[in-house]
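Each protein sequence line maps, in turn, to chains F and W. Residue numbers for the first sequence follow the numbering used here, beginning at 1 and rising by one. Residue numbers for the second sequence follow the numbering used here, beginning at 317 and rising by one.
No lab work stands behind these hints: they were computed from the structure. Treat the hints with care, as some may be off.
Not everything, but these chain F residues come out facing chain W in the computed CB check (under 7 Å) [as the list claims (entries may be wrong)]:
| hint | residue |
| --- | --- |
| 1 | Phe61 |
| 2 | Val135 |
| 3 | Gly138 |
| 4 | Met301 |
| 5 | Leu302 |
| 6 | Leu303 |
SDA-like mimics (lysine to any residue), calculated; alpha carbons at most 25 Å apart, straight line [claimed, not checked]:
| hint | chain 1 | residue 1 | chain 2 | residue 2 |
| --- | --- | --- | --- | --- |
| 7 | W | Lys585 | F | Thr248 |
| 8 | F | Lys249 | W | Tyr584 |
| 9 | F | Lys249 | W | Met542 |
| 10 | F | Lys249 | W | Ala437 |
| 11 | F | Lys249 | W | Leu385 |
| 12 | F | Lys249 | W | Ala438 |
| 13 | F | Lys249 | W | Pro560 |
| 14 | F | Lys249 | W | Ser558 |
| 15 | F | Lys249 | W | Asn431 |
| 16 | F | Lys249 | W | Ile594 |
| 17 | W | Lys585 | F | Leu157 |
| 18 | W | Lys585 | F | Val146 |
| 19 | W | Lys585 | F | Pro123 |
| 20 | F | Lys237 | F | Leu88 |
| 21 | W | Lys585 | F | Ala156 |
Covered stretches of chain F (chain W as the covering partner; in silico rule of three or more C-beta atoms under 8 Å from a C-beta of chain W) [to be verified]:
| hint | region |
| --- | --- |
| 22 | 139-146 |
| 23 | 226-239 |
| 24 | 293-299 |
These numbers were taken from a predicted model, which means no experiment stands behind them. Yeah, the Cβ is synthetic: ideal placement off N, Cα and C, and Gly gets one too.
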Amino acid sequence: MTSPRSGPSWPHLFLGGALIASFLLARLVTDPYANDVLTTIGINVILAVSLNLVNGHTGQFSLGHAGFMSVGAYLSAAITLLLGPSLLGEDGGAPWAQNALFFGGLLVGALSAALVGLLVGIPSLRLRGDYLAIVTLGFGEIIRVVFQNIEPLGGALGLNGIPNYTTVGWTFAFAALAVFVVGCLINSTYGRGFIATHDDEIAAEAMGLNTTRYKVVAFVVGAFFAGLAGGLYGHFKMSITAAGFDFTKSIEIVVMVILGGMGNTLGVILAAILLTLLPEVLRPIAEFRMILYAVLLIVLMLLRPQGLFNFRRRSR
Amino acid sequence: MEFFQQLLNALSLGAIYALIALGFTMVYGVLRFINFAHSDVFMIGAVVGSLLGNHLPLGTWWGGLVCLLGAMAVCALLGVIIERVAYRPLRNSPRLNVLITAIGVSLLIEYLFQNEHVFGAAPRSFPAVFPSIVWQWQGLTLSSSQLIVIGVALVLVVALELIVYRTRIGTAMRAVSLNPRAAQLVGINPNVVVTFTFALGSALAGAGGVLYALNYQSVEPLMGVMPGLKAFVAAVLGGIGSIPGAALGGLLIGGIETFIGGSQFSTYKDAIAFALLILILLFRPTGLLGRRIPEKV
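Take these sequences, add in the hints, and give me the full structure.
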């Protein structure tokens, strides 16, 4: 992979750039349609970048990212819905109080998703390749079935009337945070272990790396940000159902990662933006969207397995 | 009596899972990857069966057999085409790439069939191609379709066992599964073996599709997803790569699901198979009848 460089690395540059951009966006964007599209882009970037840490950098193929997203969405929405009225009063409270509650909810959602990631990761990361894919898929389905059976969380009907707290500015700020954390983690000395685990697990273990530990850390960090994205998504759409976080949603995120090139953060961000804009542009042929995704997956694997946006020559 | 009724239902459901699991296990044995598109071949078997059934006289034994064999033939061909187009060019790529392609093929078939111009997402009814007779005996209800499912599955499993252990191509399959490179050294063409394996596995999935649709009397594009995943669990439970294991695993999963479905935990029915998979992989990754394969560097 890349050699360590001196000077400010790109995660720092990205964080600075995106923070400025998000403050500008929060001021400038007034058009509701642009607002919707930009928020969706921000959420998808968080999802794609966090899955990229697991699937791309660490090389563990997970198909259950939507499951972690649903944990974050449900728990953060539960916090704002259940605690909101008693903490904020009938009139909704001051903006700062709303935001504090929102962040509290997001944090709880993201931490619970990380905890679920730990619970899922410890047993399943002893497996590799195809088995891991199936087990993570299975865990995603188990999480969905469990949520559908919890009556206080709406059962099969899901949660409705979630307050609309998510703004473009905050979404972009969180997206920047996700890119920053994942980028710093990968470019650190510790983070070389993720890439070593991806490149050759047996050799990495022979060098004394605890690959299982690296896999679990990648999984937990990935799940944390998926939960954060889920919380943002819930407070953006204002209603969530367990069925909305099924296998198809996981596949959408996987397609972003593969299209961008597994392990290539910039490519994955571009792919997340492209795949959010594409359905907007191609609205007339919306019924062919998933067919297009499927063809894209096959053709990419056959012709360009390193991803669309990976221009670096592969050394392996 | 309730118990025996449930046992009968479990047996017919398990027989279908066993048929799908056999395809998973054979492909895994030869190529070491999970053919995600297998569950969609199962669905196409049911679709072909329903299309054929609409042009055949209903309620006759020969009509039903023609429908079953037709679906098996189309699925065998489809399996070979999928392998040729999507998997063969990736024979020497990393396994992850093959896995992603398999997911892509599976999604392509599912969304193609959900499209209005091809099939549509709405379920369609499956014609009663076989004679439907219902026997009542001391509160026990036995329908001819259940008997057909169990009978056909039994015949196919025995036929498969004979092919794999008593014919030249079956021996070649086992050789490739044991050691692909050594098999090539003794003059076995791996491409022929892989093509044959896909044809055989897909034909079994096609038969499973027709039998499943016959039992539930409806066909829809996503009907293969859940049975496919459960059949995969069955293959792992029995020990992936083992043919008797897949049959045993299918029957066990069918049994567990039927009895859970009849209990108070019925809403968790779909989660049980996955929970079981996780438990097997944790405590006995080789499955009930599988061999342990040491990892080589």
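Here is how each hint holds up against the structure:
1. Given the 7 Å rule on beta carbons, the hint for F:Phe61 holds: about 6 Å separates it from the nearest Cβ of chain W.
2. A distance limit of 7 Å between C-beta atoms decides the matter here; for F:Val135 the minimum to chain W is near 6 Å, and the interface restraint holds.
3. Given hint, F:Gly138 at the interface with chain W, holds; its Cβ is 3 Å from that chain's nearest Cβ, closer than 7 Å.
4. Checking F:Met301 against chain W: minimum C-beta separation of about 4 Å stays under 7 Å; hint holds.
5. Because the beta carbon of F:Leu302 sits about 6 Å from the nearest beta carbon in chain W, less than 7 Å, this interface hint is met.
6. With its C-beta approaching chain W no nearer than about 9 Å, F:Leu303 sits outside the 7 Å limit, and its interface hint is violated.
7. The suggested pairing of W:Lys585 with F:Thr248 holds, with an alpha-carbon distance near 20 Å, which does not exceed 25 Å.
8. With a C-alpha separation of about 21 Å, the suggested pair F:Lys249 and W:Tyr584 falls inside the 25 Å cut-off, and the hint holds.
9. Between F:Lys249 and W:Met542 the CA atoms are separated by roughly 17 Å; this keeps the pair inside 25 Å, and the hint holds.
10. A threshold of 25 Å between alpha carbons decides the hint, and for F:Lys249 with W:Ala437 the separation of about 18 Å falls inside it, so the pair holds.
11. Only pairs whose Cα atoms come within 25 Å are accepted, and F:Lys249 paired with W:Leu385 is rejected, the gap being roughly 37 Å.
12. Simply put, F:Lys249 and W:Ala438 have alpha-carbon atoms about 21 Å apart, close enough for the 25 Å limit, and the pair holds.
13. Restraint check: the Cα-Cα separation between F:Lys249 and W:Pro560 comes to about 36 Å, which exceeds 25 Å; the hinted pair is violated.
14. As the CA atoms of F:Lys249 and W:Ser558 are separated by approximately 33 Å, the hinted pair breaks the 25 Å bound.
15. This hinted pair checks out: F:Lys249 and W:Asn431 have alpha carbons roughly 19 Å apart, not beyond 25 Å.
16. For the hint pairing F:Lys249 with W:Ile594, the CA-to-CA distance comes to about 22 Å; that is within 25 Å, so the pair holds.
17. Pair hint W:Lys585 plus F:Leu157 holds up; C-alpha atoms about 19 Å apart against a cutoff of 25 Å.
18. Of the supplied pair hints, the one linking W:Lys585 and F:Val146 holds, its CA atoms being roughly 11 Å apart against a limit of 25 Å.
19. In summary, the hint linking W:Lys585 to F:Pro123 is supported, as the alpha carbons are separated by about 22 Å, within the 25 Å threshold.
20. Annotation: proposed proximity of F:Lys237 to F:Leu88 holds, straight-line Cα distance about 21 Å (limit 25 Å).
21. Annotation: proposed proximity of W:Lys585 to F:Ala156 holds, straight-line Cα distance about 15 Å (limit 25 Å).
22. A count of 5 residues in the region 139-146 of chain F with a Cβ less than 8 Å from any Cβ of chain W is obtained; the coverage claim is therefore met, three being the minimum.
23. Evaluation of the coverage hint for the region 226-239 of chain F: breached, as 0 residues show C-beta separations to chain W shorter than 8 Å, against a requirement of three.
24. Taking a C-beta to C-beta cut-off of 8 Å, the region 293-299 of chain F contributes 6 residues in contact with chain W, enough for the three needed, and the coverage statement holds.
Hints 6, 11, 13, 14 and 23 from the list above are not met by this structure, while the remaining hints are.
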